[in-house]
Amino acid sequence: MTIKTQTLLMVTLLLVVTIFATAGVVVWGSRRGLLAESETQGLVIARLLARSAAFGAQVTSDVEKAIGEQMIVEATIAAHLVALAEAAGVGAKELNRRLKQIADDTVLDEIWITDERGHAYLRNITDVDFTFSPDRERQPQAHAFWPLLTGKNKTVVQDARQREIDTQIFKYVGVAGVDKPRIVQVGYHANMLRQLQQSMGLTRLVNQLVSEGSVIAIRVLDKNMITVEYAEKLLDKKLPEPSESNLADWRKLVSEGRSESSLEASLLKVVAPIGEEGGELKDGAILVTLPTDHVQAAIQNRIRLAMVVSGLVLLLGSMIAIFGANTISRPIAELTEMTRRIAGGDFTQRINIRAKNEIGALAVSFNEMTRRLNESIEHLKETTAAKERIESELQIAHEIQMSMVPKIFPPFPDRSEFDIFAALVPAKEVGGDLYDFFFIDDDHLCFAVADVSGKGVPASLFMAVTKTLFRATAGNGGTPGEILARLNTDICRDNESCMFVTFFCGILNIRTGQVDYSNGGHNLPYYLHRDGVSPLESLGGRALGLVEQSPYAAGRMVLRPGEALLLYTDGVTEAMDLSKTLYSDERLEQFLGNNRGAAARQIIGDLISDVRHFAGDAPQSDDITILALHYFGTTKKMTEPVEIKLHNKLPELASASQALAEFGRQHGLPDSVLHDLNLALGEILTNIIFYGYTDSGEHEITVRLSIEPGEMRVEVEDDGQPFNPLEAPEVDTTKPLEDRAVGGLGVHLVRKLTDGLEYQRHAGKNLLVMTKHLR
Amino acid sequence: MKELEIALEQLQSTIVLHVIGAVDSNTAPELQQALLRATEGPTGGVELDLAKVSYMSSAGLRALLLAAKALQKRGERLALLNVPPQILNVLNLTGFTTFIDVKP
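Order-wise, the sequence lines are chains G and S. Counted the way this note's numbering counts, the first sequence spans residues 1 to 775. Counted the way this note's numbering counts, the second sequence spans residues 1001 to 1104.
Incorrect hints may have been included.
Listed next, with one range per pair, are the computed distances between beta-carbon atoms [as the list claims (entries may be wrong)]:
1) G:R556 with S:P1085: 49 to 55 Å
2) G:E711 with S:G1044: 44 to 50 Å
3) G:V558 with S:A1051: 53 to 59 Å
4) G:P651 with S:A1051: 24 to 30 Å
5) S:R1074 with G:E711: 43 to 49 Å
No wet-lab data here; the hints were simulated from the structure. Glycine included, each C-beta is placed from N, C-alpha and C at the ideal position.
In isolation and in its complexed conformation, chain S is listed as follows:
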């Protein structure tokens, strides 16, 4: 089974997670763990680079939702970078774009 690769990049006040692979029920727990760890800090934003993510299932969406909720508590919003069109479609269908920023 293909593992999910997550690379962490610490910018000045933001943590950027670069994800490679497909996020399905098997791999979503990894993403969720990485995201929640990134939101543990007291301040700063979290960005998720989905350039190399081919697929994101509802399990992945749950991870995004939990991260967004965690960030909201400290007044931040989760941001997504380089979202592929199919995943953007999924985010729109589920109304996730109302609370997650999609950056070009």
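Bound conformation, chain G alone:
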């Protein structure tokens, strides 16, 4: 996730959280406010109702009392009317007609006048025959008037109540007769009273509030929590009756004189106790159920408003956030891109950010880093180029140095009197060691080993100078002592660098085995004789190049046939293993003692292996040079073949050709034989080099040249893929030109130009033996 996205997300999240929190608080607050308002409204309604209830009840009661008194007057008039009429002899029929007329013309509904036994023989309703009884059971309402007959009461006023016979609400008032015991009762249909009560009292108010107002339901309860008034708006669903637990709650509220409101299923219920003002209903309660639709609607409105405002704020906030994020992230993105390019290798990149904040500082540091990186890389390039040049020059120097010492062995294959072998292993590409050998005349072989102080290029240059001077000096004749003295003088002259060289020089008379030698501060060579190994006698000569005109004593010894001399440089004895232990003279002496009978090549190869094995992983500390001179005496015949080691490279063909020519010259072989064998050898080697190897690595090819009675023999041994030239298909040499193939000619020539051809595959190597008759 990019920094820009992160910043944006963070700011947006913050905005959203803030907006929603604010909106939530506002909406919740307003909802609470609205609910409180409704609750207050409910309370007001409840109080008003409580008061109205008391007022309504009072008025109705006063009115009924007045009506009752009026009715006593009416009954009393009726009692007197009957007494007068009967005294005047008016019949019951006439009286009933008059009573009916009164009832019809006035609001008085019923007139009942009994005889002394309670039979209502005079009445305005002719079709009902009624007799009063004192029986409370039979006449729960009418029995109350019986005492008028007994004279116990003069008047009886009954509250308006439902008549048992027809459930009509009637008010009855009775008086005792004036002429004889009678019950004179008037009845008044009390609907008016109920209407009055309804139009004035609680019931009306309750119904009006419910039907006309926003109130959904009103329940009025008396102190026993019995519902005395209840009205409910006609809604889809009827409200449930209050449960016992509701009633208990309300009772508790009343006792504590608290009002309470609760929100149930989107309805607000307000419960208020009725106090002193409630009159009869004191200690009762009023439950007002109010709708919350308007609250919900208001809340929805607020939510809608909050959403619109939130949206606007969010939009604005996001725009600011995007702008801010861009401002922050653009330089970072730029930095990232630059870093990517630099990582890709483009060090020319510069960042152009001029901000005065941390990013600006980073950009400056970054540019500085790139600049330094650039410098470092330029420097590294130069260094690497210089190093490569030096390495390549060193490699060339190595090749030049190696070409300065004789390295074709055996160097004198026609000399059977001795065998000489030498090896030089520089510690670095080039070294300061030197060996050399050459014939001064037919019978005298001059040989030398030298070690220039120091290593590397300076030593190698000094070695080259020394070798050149040595060849020149030795060519002028004299004993080894004289040669060293002259060489010392030459070296001392113009030796600005103050280098020096230890030098051992000997001259072998190959006929007698006599060795004259002289030593300029070099390790004394070992004399390998029949009884053991011993160093040559020390002559005490100084290293060359130190003091001009130094004397160099001459030593002399005689090699008997089978004996050998081993010359070496201190790279052998001072070779160190990882724990800095030296190979030492003792170890060398012991090695030579065990190997003194071996051939020159063998002993040197084994010694180098032994030194390397001793050193292990420790780097070679000094140049190693070893020269072995094995004397056979004049009786020994040269029967050993000449062996040439080649690498699988085409230029090596020339070396093989040269060695063959040299071999032929030494043995006086005819040119035609040499030509044919040379050609055949060249073809075989070319084949091996071109087709013999599946890898591109370096391989060694061994060529052995030898003379057998009547023929010359050339052996070629290689570790390439199996290839038997004898099995190659014949080339048809009679085909016309257009049909001739370009391949296969080489093997064809080998077959044709040799007199014998043998092939064997042994131990992963091809061995091909070619012979040619010496006729």
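With chain G fixed as given, assemble chain S onto it according to the hints.
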């Protein structure tokens, strides 16, 4: 390593190549290149002077074969001058003298 020296001589209708050195696997590509360039022309013969060639390997023979084939296409034959006896022997052994003229 000794290089092969090839001198080119343009006669009236013939190109003569004078070669000095040994023709082996190392030097044969030079000879082949020189020969094929000489056969590129539309007409005219090509002659190869081997007086100073000590040695010719199969790689050299391949160069001669390719040149002879190229010349045959325009109705010419490759001619060799001053062939040393050993090389003549090689040419005979490989049947090359059947399609290459050896001139004294």
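Verification of the supplied hints:
Checked against the hint of 49 to 55 Å, the pair G:R556 and S:P1085 passes, with Cβ atoms roughly 54 Å apart. Against the hinted window of 44 to 50 Å, the Cβ-Cβ separation of G:E711 and S:G1044 comes to about 47 Å, which satisfies the hint. Checking the proposed 53 to 59 Å range against G:V558 and S:A1051 shows it holds: the Cβ atoms sit about 54 Å from each other. The hinted range of 24 to 30 Å is satisfied by G:P651 and S:A1051, whose Cβ atoms lie roughly 26 Å apart.
Roughly 47 Å separates the CB atoms of S:R1074 and G:E711, a value that falls within the hinted 43 to 49 Å.
When each numbered hint is compared with the structure, no violation occurs for any of them.
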